[in-house]
Amino acid sequence: MKAINLFLLLLFVQISFAQKAEQPNNSYDLGATINEMTLTVGGVLVVATNDGLVGINPETSTPTFTFNNFGKLTPEETIFVEESPYIIVSQGANSKFAGIAKTKRAVINYITGKVIFNSDDDSWNQVYTCDVFLPDNKLVVSGIQKVGTKAEKMTPKIAVYDLSSQKLDYSFFLDKPGRVGIAKDFSVTGLPLLLNDFLIIPTAQGLIAKSHKGEDLWTNKIKGVTWMVSDPTEKEIYGFETTTNGKNTRIHKIGADGKELWQDDRKVKGIVSNFEILPQGIAVVSNKSDGGDKSVFSQNNESEIAFLSASSGEDLWEKAPKTKGYVQHFYVQEDGILFGIQQGGINKISFEGETLFKKPLKTDENIMVMANSP
-13 MKAINLFLLL LFVQISFAQK AEQPNNSYDL GATINEMTLT VGGVLVVATN
37 DGLVGINPET STPTFTFNNF GKLTPEETIF VEESPYIIVS QGANSKFAGI
87 AKTKRAVINY ITGKVIFNSD DDSWNQVYTC DVFLPDNKLV VSGIQKVGTK
137 AEKMTPKIAV YDLSSQKLDY SFFLDKPGRV GIAKDFSVTG LPLLLNDFLI
187 IPTAQGLIAK SHKGEDLWTN KIKGVTWMVS DPTEKEIYGF ETTTNGKNTR
237 IHKIGADGKE LWQDDRKVKG IVSNFEILPQ GIAVVSNKSD GGDKSVFSQN
287 NESEIAFLSA SSGEDLWEKA PKTKGYVQHF YVQEDGILFG IQQGGINKIS
337 FEGETLFKKP LKTDENIMVM ANSP
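Anchor point for the sequence shown: position 6 equals -8 in the working numbering, and the numbering is continuous, going up by one each time.
Simulated from the structure, these hints should not be mistaken for laboratory data. Built from N, CA and C at the ideal position, the CB exists for glycine as well. A couple of the hints might just be wrong.
As the list claims (entries may be wrong) - Computed list of lysine-lysine pairs in DSS-like fashion (alpha-carbon distance at most 25 Å, straight line):
no. : residue 1 : residue 2
1   : K274      : K255
2   : K334      : K344
3   : K170      : K153
4   : K274      : K245
5   : K253      : K308
6   : K124      : K136
7   : K162      : K209
8   : K170      : K209
9   : K209      : K245
10  : K124      : K170
11  : K199      : K233
12  : K162      : K100
13  : K253      : K274
14  : K132      : K88
15  : K153      : K207
16  : K90       : K124
17  : K199      : K274
18  : K100      : K136
19  : K255      : K124
20  : K162      : K199
21  : K153      : K209
22  : K274      : K233
23  : K170      : K139
24  : K88       : K136
To be verified - Now the in silico label distances, taken between C-beta atoms and shown as ranges:
no. : residue 1 : residue 2 : range
25  : L181      : N11       : 46 to 54 Å
26  : D107      : D321      : 33 to 41 Å
27  : L203      : N12       : 30 to 38 Å
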């Protein structure tokens, strides 16, 4: 009995010591139910509650920020911008009434705790798109702003904000306010392309190029573009359009003057996930899905790698290499392209489309880290 009592006493002392040793430095009363928690790269814990978002820095005794303006937010309404301290939050964007009811956006710097943009503060009634551009540190917003005349309050516009100063750089309308004639849909269909001298906006009417002062430069009738990229000179621009069935991608090439540089667009199977402009040509990775089993390990879900001519868009490889899965990592090296497959395996192909490994290197599923070393 004494041995049992001594054991219980020692156990009690150990538990008490452990409890004392693990006392938290700070505690936070959020006043609401916690739904999700995300630890950011900057070390700030962002907590989603029934009331909104709260940012917690373990070095401080009070929250870095509390954002309850939009109420409860779902994970789909909270976007963490990669390699930045910014969070884009939304309300009403995914609603079936998004084109009619009010939609809101805000941008929060989770390090400083500042709300650097709130659509309510600038009288935005409907926000179609809200995108952060790095390293420019700009925010491009499209939608309907309840400012100006009656006609202006009904005309879609673009606004570019400087995130450092938290001020508006410039804005312009996508259509002439009060224009008489057939109604046209100028909704923004994808990510604008911010260049040194001008901005290209993909709309339901086609591509629209504007100067940084909002002056008209050119238009192009390529519709449905979801994103764009330019070469380093900004003289050659590639636009990506998802096909009607949502399964494939059309690639367009245009010049800085808006003229099409390829005789025909280039259609690739799947949705483009990686695009590299190289001296030898253009490397394109696209992910195919049969629309059934959503698992990345489904036999019918895999990536294709294509290598296109930059001048014509023609495929330079007679036969695309088999990937047997989704390309998770993709690196361009001097003698070819090295890629890792999510289902497991590493392989390498030359710029001529020949495999450089006799057999793929075996790995487990889901390669977490792959990087070039000096």
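(request) Would you mind confirming whether the straight-line C-alpha gap from K162 to K199 stays at or under 25 Å? (result) This hinted pair holds, its Cα atoms lying about 16 Å apart.
(message) For a C-alpha distance cap of 25 Å, please report whether K274 and K233 respect it.
(response) holds (7 Å)
(message) What's the verdict on K124 and K136, does the C-alpha distance respect the 25 Å limit or exceed it?
(response) violated (29 Å)
(request) Measure nothing beyond the straight line between the CA atoms of K132 and K88; if it is 25 Å or shorter, mark the hint as holding. (result) Within the cut-off at roughly 11 Å; holds.
(request) Verify the proposed pairing of K209 with K245, using a straight-line Cα cut of 25 Å. (result) holds (14 Å)
(request) Decide if the proposed pair is consistent with the structure: K274 and K245, CA atoms, cutoff 25 Å inclusive. (result) violated (30 Å)
(request) Take a quick look at whether K100 and K136 sit within 25 Å of each other, Cα to Cα. (result) violated (33 Å)
(request) Assess, step by step, whether the Cα of K170 is no farther than 25 Å from the Cα of K153, and give holds or violated. (result) violated (30 Å)
(message) Hint check: K153 vs K209, CA-CA at most 25 Å. Holds or violated?
(response) violated (31 Å)
(message) Within 33 to 41 Å: is that where the Cβ-Cβ distance between D107 and D321 falls?
(response) The hinted range 33 to 41 Å is violated for D107 and D321, with Cβ atoms some 53 Å apart.
(message) What's the verdict on K124 and K170, does the C-alpha distance respect the 25 Å limit or exceed it?
(response) Not satisfied, since the Cα-Cα distance of roughly 28 Å exceeds 25 Å.
(message) Next pair to validate is K199 with K274; report whether the Cα-Cα distance is within 25 Å.
(response) Violated, at about 41 Å.
Checked against the numbered hints given earlier, this structure breaks hints 3, 4, 6, 10, 11, 12, 15, 17, 18, 19, 21, 26, 27; the rest are met.
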